[in-house]
Amino acid sequence: MSQGGLLVVRGLSVAFKTQKGTVQAIDGIDLDLNENETLAIVGESGCGKSVLGHAIMRLLDDIAVVRGSVRFREKEVYEMDTTALLNLRGGLISLVPQSPSSSFNPVITIGKQIEELIEKAGKEKGNGARKRALEYLSLAGFSEPELIHKSYPHRLSGGMCERALIAMALSVEPELVIADEPTKGLDALSRKNILGLLHKLAKDASMIMITHDLKAAETCERLAVMYSGEIVEEGPTGIVLNHPRHVYTKGLIDAQPSRGMTPIKGRHNLFSHNAEGCRFKERCDAASNECNNHPMLSKVEDYRKVRCCHA
Amino acid sequence: MNSKSKAILISMLIFASILLSGYIGGALAASEGDGRISNLVIGSDMGDFAANMADFNCNYQMIFSHEGLIDYDSNGEVVPRLAESWETTDMKKWIFHLVKNATWHDGVPFTSKDVKFTMEYTRDKKILYGATTYDIINSIETPDDYTVILNLKEPNAVFLAKLANVPIVIPEHIYAKVDDLKKFTDIDKMFIGTGPYIFDSYDHAAGIVNFKANDNYWVGKPAIKNIQMRLFKNQDTMMMALQNGEIDLPYLYSKGASYYYVPKLMDNKKIKLMTFDSLGIRNTIIFNTQKKPFDSKDLRRSMSLAINYENLMNLMTAGYGSLPNSGLVPKSTKYYTETKPMEYDVEKAKTQLDRLGFKDKDNDGLREMPDGSKFKPELVVQSSNDESVRASELIKKDLGSVGIDLEIKLVDSSTYWKIIGEKGHEMILGGLPFWTIKGYKGYYTSIMDSRNYGWANINDPAYQSIADNLGATMDESKKEKLAEEIQNYYSNELPVIPLYSMDFIQPYDKKYEGYVTHPMWGVLSLGTFMNLHESEE
Amino acid sequence: MLRPNSKTTLYISNKVFRYAITIFIILTLNFFIPRMMPGDPMTNMLGEGARWMDKAYLDELRAEYGLDRPLHEQYLTYLSSLARFDLGYSINKSLKVKDLLMERIFWTLLLVFPSVIIGGAVALILGSFAGFRQGSMMDRLMTSLLLLLYSSPSFLFAMIMVSIFSFHLGWFPLGNFASGKMHGASYVLDVAWHLFLPIAILSLFEATYTYLVIRNSITQILGEYFIFVARAKGLSNRVIELQHVIRNVLPQFISIMALNFGFMVSGALIIEIVFSLNGMGTLIYDAVISRDYPVMQGAFLVLTFFLIAANFAADLLYGIADPRIADAKDSI
Ligand SMILES: Nc1ncnc2c1ncn2[C@@H]1O[C@H](COP(=O)(O)OP(=O)(O)OP(=O)(O)O)[C@@H](O)[C@H]1O
Ligand code: SF4
Ligand SMILES: [Mg+2]
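Protein chains in written order, with our numbering: chain A, 1 to 311; chain B, 1 to 537; chain C, 1 to 332.
Don't take every hint at face value.
[Stated by the list, open to error] Calculated cross-link-like contacts (lysine-lysine; reagent style DSSO-like; alpha-carbon spacing at most 30 Å):
(1) B/K331 to B/K374
(2) A/K112 to A/K192
(3) C/K98 to B/K221
(4) B/K270 to C/K15
(5) C/K181 to A/K150
(6) C/K181 to B/K182
(7) C/K96 to B/K177
(8) A/K265 to A/K250
(9) C/K98 to B/K183
(10) B/K511 to C/K98
(11) B/K350 to B/K409
[Claimed, not checked] Some chain C residues close to chain B (C-beta under 8 Å, calculated; not the full set):
(12) P38
(13) G39
(14) D54
(15) G66
(16) H72
(17) Q74
(18) Y75
(19) D86
(20) S94
(21) K98
(22) L109
(23) F165
(24) A178
(25) S276
(26) R291
[What the hints assert, rightly or not] Restraint-style ranges between C-beta atoms, simulated for each label pair:
(27) A/S69 to C/S136: 26 to 34 Å
(28) B/L323 to C/I117: 51 to 59 Å
(29) C/L145 to A/S69: 42 to 50 Å
(30) A/E144 to C/R18: 34 to 42 Å
(31) C/E64 to B/E84: 45 to 53 Å
(32) B/N363 to C/S144: 37 to 45 Å
(33) B/G107 to C/E103: 53 to 61 Å
(34) C/E64 to B/K113: 22 to 30 Å
(35) C/Y285 to B/K291: 52 to 60 Å
(36) C/L71 to B/L323: 44 to 52 Å
(37) C/K181 to B/V108: 56 to 64 Å
For the record, the hints were derived by calculation from the structure and aren't laboratory data.
None of the values given here were measured: they were computed from a predicted structure.
The C-beta atom is built at its ideal place from N, Cα and C for all residues, glycine as well.
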């Protein structure tokens, strides 16, 4: 575990106080990311992937209670002043947000929305910003970048929006890209294109790719599997996917279309967090008495960690 | 705040202070050495100043610049004006002797030709305020410059009252050239009359109409040199202006000030209040006497017994009211006859209603008609008249206490008059102002007799013959007897229930005194114009 | 995919045609609605004029004004006079409707136009302020104050203001547009001084509803995902509020303002009564009460044109403020 990594997350927890009760969206997350490293985070809907991504950028709203630490280039994100924070967001760290068609402001042109980021990040000004925006649009595969530049968002399809968002996120040459479900709702071909594009444009950056899609995850070097706010398995992607150690990871793999789409039984329950023991135990076939003790995320092999008493 | 917004704020403040300093206010000293008042500022509710002769509201002309052959005194009796005397032997041929020293504002002498011209022109051009009056004239002779002989189509005993109602004579030398009155918009010429005041100017933006004294006025020099009429659209600010000293007199056309302001005004040492007889009845219930079941005088009487007049008067008039007798005609009227006061007796009302068959047959606490159907008398009330709306609620409560389910129908004024015009009403709530007693054959015949306006829709031959005789009799003793008969008729038949009368309340700045009242124009009378002077104090 | 902006001419001619039909329908309604009210211009005279006139005379008058003719004939006359821009004479005031309207409209616009602008600006600024700081002391204070104002009887409120600022403090006059007998610059200042309080009060009235709409609309926009994305881009709150949020409020703001501008010529009845101003509000009110058909028709005609013009302008601005709407129109 290199202390000098790009991103160091320790014991990060986020709770939302809602009318129905407290939702512990993520709980005690530890994460390390080096320069130029790509990490995929997978898990069922609602397990806290996006919240983790947002928490890294300190983007959660006021009702969220955040504990733990996030250090980017050795600076504590949660101790930054406004200037540093605004510099971090959309400068050092770029988010490729999760729903492309509602991510752009409907009354401002795509070009303007990209340029405002470029100018804010201090990369270019005026015409230079425009040039750079056009350059990235064309890098994102638009054959007529000028047309896209002056278009309003509603004229673009979902896939086009996604590409424009990627162009925007990378136009500021961030050190870390957090891509939240970049392939959601796309057909197989477009998915491939988007992933290729993302990796191509982010080749000089680190990346955290949040996804449901194990195929997309395969394009990243490392993989973290999340369940109910916790990381339950982590390691080099190929090893984890080929030799999953956690029952849940196995379940995820079996739920893939290519593997017959066998769903994991039961549903995950966010309010079970306070319960003792393994959070997966209601759904786990291998559960035993031991599982009533909350398992730790422990090293099982080199570069590999699993949270299971039986691993 | 950054420097830019500071600059804006400062410039706004500068602008505001310029605005404030732009005010050159305050009336100048009002009086000069000759004892005349130099400027009287009147607040008025007369509304928009529409100076067109075709308008039927020629109030400004009638009050200030013009005058008729005869006028009313404070008690509502006719007195000479441009005609210094008149005579008739048969009430068909009327001879008027005119004053000899009257001139028009432009210096042209006033003569009998102008009178003849006025009457014919008004009739032919169908000028709203006078066409009907002059329609009963058959021919007009002017044997000399100061005599006018009117030959009526039929004898008419109330002709003088009719004439006094149209206090306006116009100059032939100007109007002979005017063919289409609507297109005659020269205000200066339009206001050329023989009266005490000459039109000076109208400032639309300021809402001020200025008049200046006609120093060649044949009666004498008016006591006020300049009159400013400031137009208000609400009484509240008019009373504020009075308290501020911005106006000397609040003028409320034919209604006087609301008693609501009295306590505040009495606190102000600069203000005095006078009251005067309105010569009318403030509020009445008028039955449609041809509409069943209100054609029954017994029903009308038993309903009238349920109303607590004393209470109603106290609540509506704050001590400025009085209760008219059942004969309606005000005490100050010539040939007034003492009739019974209105009676309030709930038990009697109930027994009478029972006897008439208006009983509560289904035990819902409300009386039904003798045939068993619902009895829901409908009272039509003008919604814009707050006082009437309030009064109608009290009446509903009173009638409810004897089991009558009164329905109040609130309507705007046009609907109100449409209903009355079509005789679609059962009962209406309305006042009988001064002029209603004068019309047709006098003594309220115009609003009673179905042959005329007939709000009460009376077609009883007995009544109509009294009315006809009244309109045709010159003999004073006969007239007196007929007047008595008609008042007794009202008292016995109750086509109209008089509710309460109320004196007009006239506040004024006490620096001037000598106001004289007029039944139509309140304190804006010739008496005021000639007599107003600074207070002794 | 991308739709070129080509059908503009067709769109405009389409629009013109539809406006023409709308105008015709409204003109027709302007004729029939006054006549559907109980009574006619003569009935009111039955009340006030009974003092002077015999009843039979009213029928002669009806004939004089052509009110006894069949309705369709009157309608044709009405249309042909309109075609000649002849609005006729007021029955109640016996003045040319055109002259009456021109004078009233001038003063009404002087009163209402600044009020609509100031009220709109105040509403936009305060509404945004409250929307951005929803739940704060300022927000709660302003919102309850404006809600109170919104629901309070306007006559009473205006009277209280007059009583405080004009009567007790004496800072402003009690009413009217001018003091009279002034000329040049001092006349202009005098008019401004007279208009200050009515415009201030009217602006407040104009602001209340708009304020509430703006504030709620801002709350709603702040919850949109693209605002979250803007924050993720590291844009400052100022930039987000001014560029991203306000831009999205504009379409709604424009449509409210268009409505306010459209109804501008209907005057401000309550303010006109309180300040004794001769404006369109009282003109229309009096005309309706006395069933003065020509004045009603004339006033409604002007109102119609203002409404349609405001609507048209709003349509254009709306397209600029919200590109989605411009596109939706293109496809018609
Ligand atoms: N602002 C919030 N207020 C309350 N609860 C929240 C909030 N944001 C997230 N949550 C809750 O936190 C949990 C984690 O949400 P998150 O969006 O991170 O899930 P996810 O793993 O990204 O799912 P998906 O794949 O559907 O995007 C969810 O159960 C969600 O309901
Ligand atoms: S700890 Fe127990 S319940 Fe949890 S995943 Fe492992 S075996 Fe299953
Ligand atoms: Mg998510």
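Tested hints:
| no. | hint | in the structure |
| --- | --- | --- |
| 1 | B/K331 to B/K374 | violated (40 Å) |
| 2 | A/K112 to A/K192 | holds (28 Å) |
| 3 | C/K98 to B/K221 | violated (40 Å) |
| 4 | B/K270 to C/K15 | violated (65 Å) |
| 5 | C/K181 to A/K150 | violated (59 Å) |
| 6 | C/K181 to B/K182 | holds (28 Å) |
| 7 | C/K96 to B/K177 | holds (20 Å) |
| 8 | A/K265 to A/K250 | holds (12 Å) |
| 9 | C/K98 to B/K183 | holds (13 Å) |
| 10 | B/K511 to C/K98 | violated (44 Å) |
| 11 | B/K350 to B/K409 | holds (25 Å) |
| 12 | P38 | holds (4 Å) |
| 13 | G39 | holds (4 Å) |
| 14 | D54 | holds (4 Å) |
| 15 | G66 | violated (14 Å) |
| 16 | H72 | violated (22 Å) |
| 17 | Q74 | violated (18 Å) |
| 18 | Y75 | violated (21 Å) |
| 19 | D86 | violated (13 Å) |
| 20 | S94 | holds (4 Å) |
| 21 | K98 | violated (13 Å) |
| 22 | L109 | violated (14 Å) |
| 23 | F165 | violated (11 Å) |
| 24 | A178 | holds (4 Å) |
| 25 | S276 | holds (4 Å) |
| 26 | R291 | holds (5 Å) |
| 27 | A/S69 to C/S136: 26 to 34 Å | holds (31 Å) |
| 28 | B/L323 to C/I117: 51 to 59 Å | holds (57 Å) |
| 29 | C/L145 to A/S69: 42 to 50 Å | holds (45 Å) |
| 30 | A/E144 to C/R18: 34 to 42 Å | holds (35 Å) |
| 31 | C/E64 to B/E84: 45 to 53 Å | violated (37 Å) |
| 32 | B/N363 to C/S144: 37 to 45 Å | violated (51 Å) |
| 33 | B/G107 to C/E103: 53 to 61 Å | violated (33 Å) |
| 34 | C/E64 to B/K113: 22 to 30 Å | holds (28 Å) |
| 35 | C/Y285 to B/K291: 52 to 60 Å | violated (33 Å) |
| 36 | C/L71 to B/L323: 44 to 52 Å | holds (48 Å) |
| 37 | C/K181 to B/V108: 56 to 64 Å | violated (30 Å) |
In summary, the structure is inconsistent with hints 1, 3, 4, 5, 10, 15, 16, 17, 18, 19, 21, 22, 23, 31, 32, 33, 35 and 37 from the numbered list given earlier, while agreeing with the others.
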